[in-house]
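Undergrad: Following the hints, complete the assembly by docking chain B onto the known chain A.
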Amino acid sequence: MAVTQAPTRELTPEPRGRLLVWLTTTDHKKIGILYLVNSFSFFTVGGIFALLMRTELARPGQQLIGAHAYNELFTIHGTLMIFLVIFPILAGLGNYFVPLQIGALDMAFPRINALSFWLLPVGGLTILSGFLAKGGAAACGWTCYAPLNEQLGTGVDLWLAGLILVGTASILGAINFIVTILRMRAPGMTMMRLPVFVWGILATSLLVILATPVFTAGLIMLFADRRLGTSFFDPAHGGVALLWQNVFWFFGHPEVYMLILGAWGVVTEILSVFSGRPIFSYRGVVLSFLMITALSFTVWAHHMFATGAVELPFFSITTELISIPTGVLFFVWLGTLWKGKLRFEVPMLFALGFIALFLIGGIDGVWAASPAMDFAIHDTYWVVAHLHYVLFGGTLFGIMAGMYYWFPKMSGRMLSRKLGQWHFWLQFIGFNVTFFPMHILGLRGMPRRIADYAPDRGWSFLNLVSTIGAFLIAISLLIFFANVLTTLRKPRSAPADPWRANTLEWATSSPPPPHNFDALPAIHSGRPVYDARVAEAGPTDRGSR
Amino acid sequence: MSTAEITDERVARATSGPILGMVLFVASEAMFFATFFGAYFTIRAASPAWPPKGIPHLEIGIATVLTVILVSSSFVLQQGVRAIRRGDGRGLQAWLAGTLGLGISFLGLQLYDYSQLGFGLKDGIFGTLFYVMTSLHMAHVFGGVVFLGLVFTQARTGQLSRSRHESLEAGAIYWHFVDVVWVGLYTVFYLLTPR
Chain A
1 MAVTQAPTRE LTPEPRGRLL VWLTTTDHKK IGILYLVNSF SFFTVGGIFA LLMRTELARP
61 GQQLIGAHAY NELFTIHGTL MIFLVIFPIL AGLGNYFVPL QIGALDMAFP RINALSFWLL
121 PVGGLTILSG FLAKGGAAAC GWTCYAPLNE QLGTGVDLWL AGLILVGTAS ILGAINFIVT
181 ILRMRAPGMT MMRLPVFVWG ILATSLLVIL ATPVFTAGLI MLFADRRLGT SFFDPAHGGV
241 ALLWQNVFWF FGHPEVYMLI LGAWGVVTEI LSVFSGRPIF SYRGVVLSFL MITALSFTVW
301 AHHMFATGAV ELPFFSITTE LISIPTGVLF FVWLGTLWKG KLRFEVPMLF ALGFIALFLI
361 GGIDGVWAAS PAMDFAIHDT YWVVAHLHYV LFGGTLFGIM AGMYYWFPKM SGRMLSRKLG
421 QWHFWLQFIG FNVTFFPMHI LGLRGMPRRI ADYAPDRGWS FLNLVSTIGA FLIAISLLIF
481 FANVLTTLRK PRSAPADPWR ANTLEWATSS PPPPHNFDAL PAIHSGRPVY DARVAEAGPT
541 DRGSR
Chain B
1 MSTAEITDER VARATSGPIL GMVLFVASEA MFFATFFGAY FTIRAASPAW PPKGIPHLEI
61 GIATVLTVIL VSSSFVLQQG VRAIRRGDGR GLQAWLAGTL GLGISFLGLQ LYDYSQLGFG
121 LKDGIFGTLF YVMTSLHMAH VFGGVVFLGL VFTQARTGQL SRSRHESLEA GAIYWHFVDV
181 VWVGLYTVFY LLTPR
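So the sequences go chain by chain: A and B. Heads up: the first sequence at position 412 corresponds to 412 in my numbering, and the numbers run straight through without jumps. Heads up: the second sequence at position 20 corresponds to 20 in my numbering, and the numbers run straight through without jumps.
With the rest of the complex left out, here is chain A (with noise of 0.2 Å):
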């Protein structure tokens, strides 16, 4: 039991010089920060991939990139934004604030949590270092399906390389947070009082012991073909081409939820915190997560519509059952604001984008779980905007919620308010300029993963307004990171519990000390931060709350 241990780390001395303690660090807090250090790199890596993306698409004709470097550049931005920035920023938040939320000292392996760590930028670089590679960085989309997977350069074996590098950190990892999770909270942190921050990534980590082994196999499965000579996605040699979607998307939609999971966490927490209001259904919440864990793992092959191969009514039935769980999130969330006093603090701005834009992508979801639908629209920018409305629009303004509301917690300094409104209205104005238009692009025709197009075929406006609002989420992001830096050098002045939250992680000082708790408060409900706060107040001040 971790609480009752003495602090042991406090006994060996720290190795001399900044740089050595970042590097050698076992402290979840720091290797939480590093998890978000690493990842906004790749972001900005992605990012800048996605503008010239963006540029080339702007008008018709080539300008800037030929066909073969855009193949490149959609395949490593989507591996990059999916491996290297969404799910490890989340797990870099997991790491930082699970052992706070639930009152632990640490996490339950300090030493593999360095590890699951440092495997995430050298697998990084490997994908990019394809770039170097004869005949470029892989070029067959972040899915690479076969026979083309089998057919490019060396690109592809170090994509391949790069990622069963980092679906091993993340199994590490994942395994890591469950047992942390479920061996190292508090004295009276029940499972049933964990903030649903936990909830998330306890899901999250489920899915991920489950789900990221079989891509690991796909992916040794195409490294053999590749370069030993087997056959498993051959058929001139008795393999099955379509084997490599169905081990693909086994692991990839559980995946799509890896991503999601631990982002509701945060904004369920942020809206139940600026509202004043407890959460809604807290047991609504872990049962959407739980349900939705288990439901994620029948509805792969709806991405497989389209083969002709794959039972279609079934695989439609479960694509519209996980909209369930998801629906009562949304009422969850729709509950926790309904007669709250809000305070439209940052983190809440993100919250509620993430609500409406969420939204959106999720009603998309549930269309093109018709095989109807899905036969229109597959593989046409219907899809592109979908993914983003989920996974920007989704994930990505939830990790920012996250950021606004942790950041104190983190670094000890507020940041500016008003650089986070500018980020935030230039972000979702500049996110529903980029995106939307995609949605009409797709269902005029328009196919995903082209660089050019023809004058003729009435694309062009929309493109231009989708190419500029790219721009503008560009500019919003470098608010932010403008925000960050600045504030960075301030003096550090929040104080314990900036948000009157309700979650542990803000009974102990803004940066915590390397302990995490001088002292932890009791724990007899779910919020005992917001507990302390109400028996501080005395009983007069407890029936205006």
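All clues stand as given, with none of them false.
Stretches of chain B that chain A covers, calculated by requiring three or more beta carbons in the stretch to come under 8 Å of a beta carbon on chain A:
{"#": "1", "segment": "30-37"}
{"#": "2", "segment": "45-59"}
{"#": "3", "segment": "114-126"}
Hints were generated in silico from the structure; no laboratory data involved. Quick reminder that beta carbons are idealized off the backbone N, C-alpha and C, glycines included.
TA: Frame of chain A, contents of chain B only:
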């Protein structure tokens, strides 16, 4: 009784962190191998004849010996676990040495079997499935031998005791899992492949 005391008591009864971690790791490994079995049956179902033409008949003899070796090694290892639970450190060392011996002979015999088969990795889809699946399993046996070898060193230097032998318990869970995977491979490649 305070809350802290209650919790401590509960924790003492619950599975320890490292063992829980190993159970989760084995769950993820199970999905890893399940993918290959899924691939096997997908490919076999799409194949006009099984085994495909031109593949020499797989002799069941050596594979059966391999099965006996690995399955009995699990029982031997479990005797070691029972020994240390009684506090019998010397007994543990003997049983562990036996397990390691059986594991190493499994690896040696399987390599010999490979040399006798008469078809290779590149000989069509059967070679692909057989060699990739059995060699990934072999890598896991090798990993298990290394892991249990480290546990053996711990046992020899007296680091394991009746109350503290999590590494052994975790290693045993892993070893039994690797054993079960082999039984699956034996079933699929020998028992379920028509002659």
